Amino acid sequence: MHEFVHGGAAMIVQALAFYLFAFVTVTSGVMVISARNPVHSVLFLIAAFFSSAGLFVLLGAEFLAMILIVVYVGAVAVLFMFVVMMLDINYTEMRQGFLRYLPIGGLIGLVLLVELLVVVGGWALSPEAAHSGAAPMPAPGVLSNTHALGELLYTRYVYLFQAAGIVLLVAMIGAIVLTHRQREGVRRQRISDQLQRRAEDSVEVRDVPTGKGI
Amino acid sequence: MADVPNLMPALPEIFLVCAAMALLMLGVFQTGNEGKEGVKTAHLISNLSLTALVLTLLLVTTIASGPMRTFGGMFINDAFAVFFKVLVLIASALAITISQEYVTRQGIARLEFGVLILLATVGMMMMISANDLMAMYLGLEVQSLALYVLASFQRDDLRSTEAGLKYFVLGALASGLLLYGCSLVYGFSGTTSFDTLAALFGAHPAEAPSVGLVIGIVFILAGLAFKVSAVPFHMWTPDVYEGAPTPVTAFFSIGPKIAALALFLRIMIGPFGDLAAQWQQIVVFIAIASMVLGAFAAINQTNIKRLMAYSSIGHIGYALIGLAVAGQGGDGAVREAGIQGVLIYMAIYLFMNVGTFACILCMRRSDHMVEDIDDLAGLSKSHPMMALALAIFMFSMAGIPPLAGFFGKFYIFLAAVEAELYGLAVIGVLSSVVAAFYYLRIVKVMYFDALADSLEKPIGRDMAGVLVGTSLIILLFFAWPTPLLSAAAAATRGLFAG
Numbered sequence: 190m191h192e193f194v195h196g197g198a199a200m201i202v203q204a205l206a207f208y209l210f211a212f213v214t215v216t217s218g219v220m221v222i223s224a225r226n227p228v229h230s231v232l233f234l235i236a237a238f239f240s241s242a243g244l245f246v247l248l249g250a251e252f253l254a255m256i257l258i259v260v261y262v263g264a265v266a267v268l269f270m271f272v273v274m275m276l277d278i279n280y281t282e283m284r285q286g287f288l289r290y291l292p293i294g295g296l297i298g299l300v301l302l303v304e305l306l307v308v309v310g311g312w313a314l315s316p317e318a319a320h321s322g323a324a325p326m327p328a329p330g331v332l333s334n335t336h337a338l339g340e341l342l343y344t345r346y347v348y349l350f351q352a353a354g355i356v357l358l359v360a361m362i363g364a365i366v367l368t369h370r371q372r373e374g375v376r377r378q379r380i381s382d383q384l385q386r387r388a389e390d391s392v393e394v395r396d397v398p399t400g401k402g403i
Numbered sequence: 005m006a007d008v009p010n011l012m013p014a015l016p017e018i019f020l021v022c023a024a025m026a027l028l029m030l031g032v033f034q035t036g037n038e039g040k041e042g043v044k045t046a047h048l049i050s051n052l053s054l055t056a057l058v059l060t061l062l063l064v065t066t067i068a069s070g071p072m073r074t075f076g077g078m079f080i081n082d083a084f085a086v087f088f089k090v091l092v093l094i095a096s097a098l099a100i101t102i103s104q105e106y107v108t109r110q111g112i113a114r115l116e117f118g119v120l121i122l123l124a125t126v127g128m129m130m131m132i133s134a135n136d137l138m139a140m141y142l143g144l145e146v147q148s149l150a151l152y153v154l155a156s157f158q159r160d161d162l163r164s165t166e167a168g169l170k171y172f173v174l175g176a177l178a179s180g181l182l183l184y185g186c187s188l189v190y191g192f193s194g195t196t197s198f199d200t201l202a203a204l205f206g207a208h209p210a211e212a213p214s215v216g217l218v219i220g221i222v223f224i225l226a227g228l229a230f231k232v233s234a235v236p237f238h239m240w241t242p243d244v245y246e247g248a249p250t251p252v253t254a255f256f257s258i259g260p261k262i263a264a265l266a267l268f269l270r271i272m273i274g275p276f277g278d279l280a281a282q283w284q285q286i287v288v289f290i291a292i293a294s295m296v297l298g299a300f301a302a303i304n305q306t307n308i309k310r311l312m313a314y315s316s317i318g319h320i321g322y323a324l325i326g327l328a329v330a331g332q333g334g335d336g337a338v339r340e341a342g343i344q345g346v347l348i349y350m351a352i353y354l355f356m357n358v359g360t361f362a363c364i365l366c367m368r369r370s371d372h373m374v375e376d377i378d379d380l381a382g383l384s385k386s387h388p389m390m391a392l393a394l395a396i397f398m399f400s401m402a403g404i405p406p407l408a409g410f411f412g413k414f415y416i417f418l419a420a421v422e423a424e425l426y427g428l429a430v431i432g433v434l435s436s437v438v439a440a441f442y443y444l445r446i447v448k449v450m451y452f453d454a455l456a457d458s459l460e461k462p463i464g465r466d467m468a469g470v471l472v473g474t475s476l477i478i479l480l481f482f483a484w485p486t487p488l489l490s491a492a493a494a495a496t497r498g499l500f501a502g
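So the protein lines, in turn, are chains A and B. Using the working numbering, the first residue of the first sequence is number 190, and each one after it goes up by one. Using the working numbering, the first residue of the second sequence is number 5, and each one after it goes up by one.
Honestly, the hints are just simulated from the structure, not real lab data. For clarity, every value in this text was computed on a predicted model and none was experimentally measured. Ideal placement from N, C-alpha and C gives every residue a C-beta, glycine not left out. Be a bit skeptical, because a hint or two may be false.
[As the list claims (entries may be wrong)] Non-contacting residues of chain A with respect to chain B, defined by C-beta distances greater than 10 Å in every case (computed): (1) M220; (2) F245; (3) M255; (4) V273; (5) E304; (6) T335; (7) R377; (8) Q378; (9) I380.
[Unchecked claim] In silico contact screen, one side only, chain A against chain B (beta carbon under 7 Å); selected entries: (10) R345; (11) Y348; (12) L349; (13) A352; (14) I355; (15) V356; (16) V359; (17) A360; (18) G363; (19) V366; (20) L367.
[What the hints assert, rightly or not] DEER-style ranges, computed between Cβ atoms: (21) A/L342 to B/G191: 15 to 25 Å; (22) A/M361 to B/R163: 20 to 30 Å; (23) A/F287 to B/N304: 46 to 56 Å; (24) B/F452 to A/M361: 44 to 54 Å; (25) A/A211 to B/G216: 28 to 38 Å; (26) B/V472 to A/F271: 50 to 60 Å; (27) B/L480 to A/L367: 35 to 45 Å; (28) B/L169 to A/A250: 36 to 46 Å; (29) B/G194 to A/I380: 56 to 66 Å; (30) B/L444 to A/V272: 48 to 58 Å; (31) B/L169 to A/I380: 31 to 41 Å.
Pulled out of the complex, with its shape left as it was, chain A reads as follows (with noise of 0.2 Å):
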């Protein structure tokens, strides 16, 4: 009895968790689009994107869930701030045929729409597919989805992990090759420098005549 009216209780907060999540996401994603000031459409798209992430860790999937927030808010959503603060756009000037598109934008949302409700409609799981999976599926509740996917991503899969590695850095070496410049005129900190200097290097000890200057 007790037990049950645990479970209940926790139910009703997930339930509510979930309404919270839902609500805040849905509201952030009209906001983004209304907003007058781009810097704060981008901040409702941070809100939107932690509000999802709520969402993912109420359905048990945790590690999507800090994806979520250190790609998207911490490298995605930053990255469009700084794009939104660098770039000289008359966002006013770009309103302005915004009811002239609605039909035609109205039109293509309508179109996507039925798609998406016909796909999931339509969407049957095959009962075998559960079993021929590459990997086993650990029962719910033994493992972490972190733990399951890091046991794979660092034993079957340990190759291809590597092999994306070997990408990002060959990214990273060829963004420096072609856009580092040395600049001329650049003063830099030399800590060594600093450290090395003595009162003797910076400090003259002149006997001034009374009466003249130096």
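Starting from the known structure of chain A, fit chain B onto it as the hints suggest.
Okay, now just chain B, sitting in the frame of chain A:
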């Protein structure tokens, strides 16, 4: 805990990638990376890269013994892989050798040059050893990314930047096609492993494969055809070859082509070998189109780098005849003869091309590079030895006996005739006659045109060494062909044994 995978088969790759990273660190922490100091560092790194390539070559040849799979079957090291890895390593080493003087003179001597060539080589070796769709894709990407950067290495030059950008955009498109094909094949078969795919298609040879699977194979074929620059996916080749720094062009025309062709052969003969009826006509078409375009489009070229681009398209066409023969089915010996022809052809093509590009790199007048065919006028009077070497390469590319290029074509056409692909053989012979026109025109310009303005002398010790070495190999191949023939035969058996 899972066992540690057997690292032995992949030891050369692991060594090379560690060497690349160590050299990068060494170069970065050298004092001063600009001006004279920078050039010195770049030379040091290039020389060490060369050493690393030679050591890898030794590793590759010592480890070889029978097919070895590792990393859960994603990586395979067999006689076929060893053959192509040796070719690729030789190609990279020669490319670094002939690039040294050029990068110094053009002011692009930077330590990353050698490191990027090493990393591209790692990618090529991963492609050659790939035994899984995912491993294949990652190998291809490591290679391609390094090559995109190399193409625009002369970043202050407009044409080099343009070449890099073009190559990048079109290469990304091709990678997309390839990935889409891989996803379709995976979706319709449920596996990405080459071994499992081969077993799957081999088990039901009579059944017609599903349409989705065939579309997937066609997409993979298109992606690979782009990487070997076969018609109709060749459009990027002339522009990229012309714009990229010349040593990089030399590298492009050998290393990546050889690696991509190795992958092409492995994937078509291995997993899709039993579906040959589906892809053989496509390969026949690509081969014919490449040969014909390579022969006719090169006629009007005045820039020797563009000419070499069209010539390389043509050569890939001839090599693909061998694959078409292997897809013809029927007699096992004939199929093996086709693949063996491709291997011999690519080995000879490697040396002809390196030699020709070494000559192009010597075309310098009052401290800037010249690239027009007319600039070679009267070369026989100013540089008799270099003219002789270039003449040998041109005669060999045209396929005139007893030079090595003749034997490359001979084995391919012989296999085509044995497989009763007479149309392919006839078109191949005719287009090589047309191609002979522009190869021989270069010889005519060198020997019979009046000397205009002499090219710079002397050509440098490295260049002279490469020229003498490659021209001797091309000239004397007929006297001692056994090592190459037996190595190619062993590699072919390795491929068919799976």
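Going through the hints against the structure:
{"no.": "1", "hint": "M220", "in the structure": "holds, 34 Å"}
{"no.": "2", "hint": "F245", "in the structure": "holds, 24 Å"}
{"no.": "3", "hint": "M255", "in the structure": "holds, 24 Å"}
{"no.": "4", "hint": "V273", "in the structure": "holds, 25 Å"}
{"no.": "5", "hint": "E304", "in the structure": "holds, 19 Å"}
{"no.": "6", "hint": "T335", "in the structure": "holds, 17 Å"}
{"no.": "7", "hint": "R377", "in the structure": "holds, 13 Å"}
{"no.": "8", "hint": "Q378", "in the structure": "holds, 18 Å"}
{"no.": "9", "hint": "I380", "in the structure": "holds, 16 Å"}
{"no.": "10", "hint": "R345", "in the structure": "holds, 5 Å"}
{"no.": "11", "hint": "Y348", "in the structure": "holds, 4 Å"}
{"no.": "12", "hint": "L349", "in the structure": "holds, 6 Å"}
{"no.": "13", "hint": "A352", "in the structure": "holds, 4 Å"}
{"no.": "14", "hint": "I355", "in the structure": "holds, 5 Å"}
{"no.": "15", "hint": "V356", "in the structure": "holds, 5 Å"}
{"no.": "16", "hint": "V359", "in the structure": "holds, 5 Å"}
{"no.": "17", "hint": "A360", "in the structure": "holds, 6 Å"}
{"no.": "18", "hint": "G363", "in the structure": "holds, 4 Å"}
{"no.": "19", "hint": "V366", "in the structure": "holds, 5 Å"}
{"no.": "20", "hint": "L367", "in the structure": "holds, 6 Å"}
{"no.": "21", "hint": "A/L342 to B/G191: 15 to 25 Å", "in the structure": "holds, 22 Å"}
{"no.": "22", "hint": "A/M361 to B/R163: 20 to 30 Å", "in the structure": "holds, 26 Å"}
{"no.": "23", "hint": "A/F287 to B/N304: 46 to 56 Å", "in the structure": "holds, 53 Å"}
{"no.": "24", "hint": "B/F452 to A/M361: 44 to 54 Å", "in the structure": "holds, 52 Å"}
{"no.": "25", "hint": "A/A211 to B/G216: 28 to 38 Å", "in the structure": "holds, 36 Å"}
{"no.": "26", "hint": "B/V472 to A/F271: 50 to 60 Å", "in the structure": "holds, 55 Å"}
{"no.": "27", "hint": "B/L480 to A/L367: 35 to 45 Å", "in the structure": "holds, 43 Å"}
{"no.": "28", "hint": "B/L169 to A/A250: 36 to 46 Å", "in the structure": "holds, 39 Å"}
{"no.": "29", "hint": "B/G194 to A/I380: 56 to 66 Å", "in the structure": "holds, 59 Å"}
{"no.": "30", "hint": "B/L444 to A/V272: 48 to 58 Å", "in the structure": "holds, 56 Å"}
{"no.": "31", "hint": "B/L169 to A/I380: 31 to 41 Å", "in the structure": "holds, 40 Å"}
In terms of the numbered hints stated before, the structure departs from none.
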